[in-house]
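Note that the protein sequences, when read in sequence, are chains H and Z.
Numbering follows our numbering, in which position 121 of the first sequence is assigned residue number 121; successive positions increment by one, without gaps.
With positions in the second sequence counted from 1, the corresponding number in our numbering is that position plus 206.
No lab work stands behind these hints, which were simulated from the structure alone.
Idealized CB from N, CA, C, for every residue including glycine.
Check each hint, because a few of them may be wrong.
Claimed, not checked - Calculated lysine to aspartate or glutamate pairs in the EDC-like style (CA-CA distance at most 16 Å, straight line):
#, chain 1, residue 1, chain 2, residue 2
1, Z, 316, H, 187
2, Z, 293, Z, 368
3, Z, 316, H, 153
Unchecked claim - Only part of the chain H face toward chain Z is listed, based on derived beta-carbon distances under 8 Å:
#, residue
4, 75
5, 76
6, 82
7, 83
8, 90
9, 99
10, 116
11, 119
12, 123
13, 130
14, 157
15, 163
16, 164
17, 169
18, 170
19, 187
Unchecked claim - Distance windows between CB atoms, simulated:
#, chain 1, residue 1, chain 2, residue 2, range
20, H, 146, Z, 378, 22 to 28 Å
21, H, 151, Z, 307, 25 to 31 Å
22, Z, 274, H, 56, 21 to 27 Å
23, H, 162, Z, 376, 25 to 31 Å
24, H, 162, Z, 274, 17 to 23 Å
25, H, 65, Z, 354, 34 to 40 Å
26, Z, 319, H, 33, 20 to 26 Å
27, Z, 378, H, 97, 32 to 38 Å
28, Z, 357, H, 59, 31 to 37 Å
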Amino acid sequence: MQRILRRVRIPALVGIAVIVVALALGCREDAPAFASAVVEPPSRMPEVNLVAGDGQPFRLSDQQGKVVVVYVGYTFCPDLCPLAMSTLGNAYDRLPAEVRDGVQVVMITADPARDTPEVMAKYVNYFDPSFTGVSGDPATVLETLASWGIHPERSATGANGSYFVSHPTRMYVFNRDGLLRLQIAHDLEPESVASDLELVWREGND
Amino acid sequence: MMHTPKAARRLILIAAIAAAGIFATACSSDSDEDAEATAAPVEATATLAAPAAPAIEIADIRARATPGLENENSAAYAVITNRGTEKDRLVSGSVDASVAGRVELHTTVKEGEMMRMVQVDGWDIEPGASLELMPGGNHVMILELAEQFVVGDTFTLTLVFEQAGEIEVEVPVMEIATSGMATPGAMN
Ligand SMILES: [Cu+2]
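Next up, chain H with everything else stripped away, as it sits in the complex (with noise of 0.2 Å):
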């Protein structure tokens, strides 16, 4: 009778203890669970020094302390950037409010020739009242994107000397620390986003 105790009872133990340390481990390695590229270990980029929608300059040294989402594109862009646009909009809406509070989209222009801070400024806008458009002088805002990688290229359409232009395919979030810590993809459902953007903001509050 004891025997059969003790058998049962050990294994059991055994069981107990192996489930709670799968759990402890499971919940450390489950936690960061990001749908969108991570940058391991997060690393520092240019930093930008352009000009926002209020005319006031723009650094992203400047943001620290906030999750800032920075994607790069135009506004002569009718199709994918409008598209991203709204989809940051939308994952923006589903952040909690403290989270919401502590995250800034950032629009960059790849076309600074057409588009000024002010058109950057109406056009984000459009999107969220609390999204900064940022432009600048045309020759530094190309550096700074080049700084990046990022070479726009122009492709010309019709015969007024309007033109399109290449830009990213992912987005860039930045930790409260000012670090790249994510690569969206920009056709990301707007869900994951927000639920990206909200373990970003989480792994600065811990």
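Since the structure of chain H is provided, determine the placement of chain Z with the ligand on it from the hints.
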């Protein structure tokens, strides 16, 4: 034989409807080169009483609402199905000058880490096949809008097909989010 019994009459009617249906299915492509094909979006369920359904069926057409900048663009999306028996091809589109400056057919291509839009000269649509124009992929570009596209607006878009000719459609302006997004370059 003047007075056919009710049941028999019903049978004849059913047979006639069936025959008309078969006829419509088999011969749906021949009359479409005529002006007759100026149809509004057609439901997938063709009415038996109607003459042969148009070979080109345009469903789920919509255009993107715009932020209201100077000289802005929009894009229209739809699912275009070839119900005929011959290959057709969407070759161009147009709108009235009061809507926009011009219309182009575009696709989106991915080049490494960059995306760009490229103008194309058309898309073939095989019999029974559908051409899907969707966000992030193939689209009808509407350039140089005369006025901002606001949700709830509609405008007339003329699509030109090699076989079916010109088809006019009313396009509603909508907020277009991610759903139904294409994988760029996947159509090639
Ligand atoms: Cu386009």
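Can you name, in rising order, the numbers of the hints this structure does not satisfy? 9, 10, 13, 15, 20
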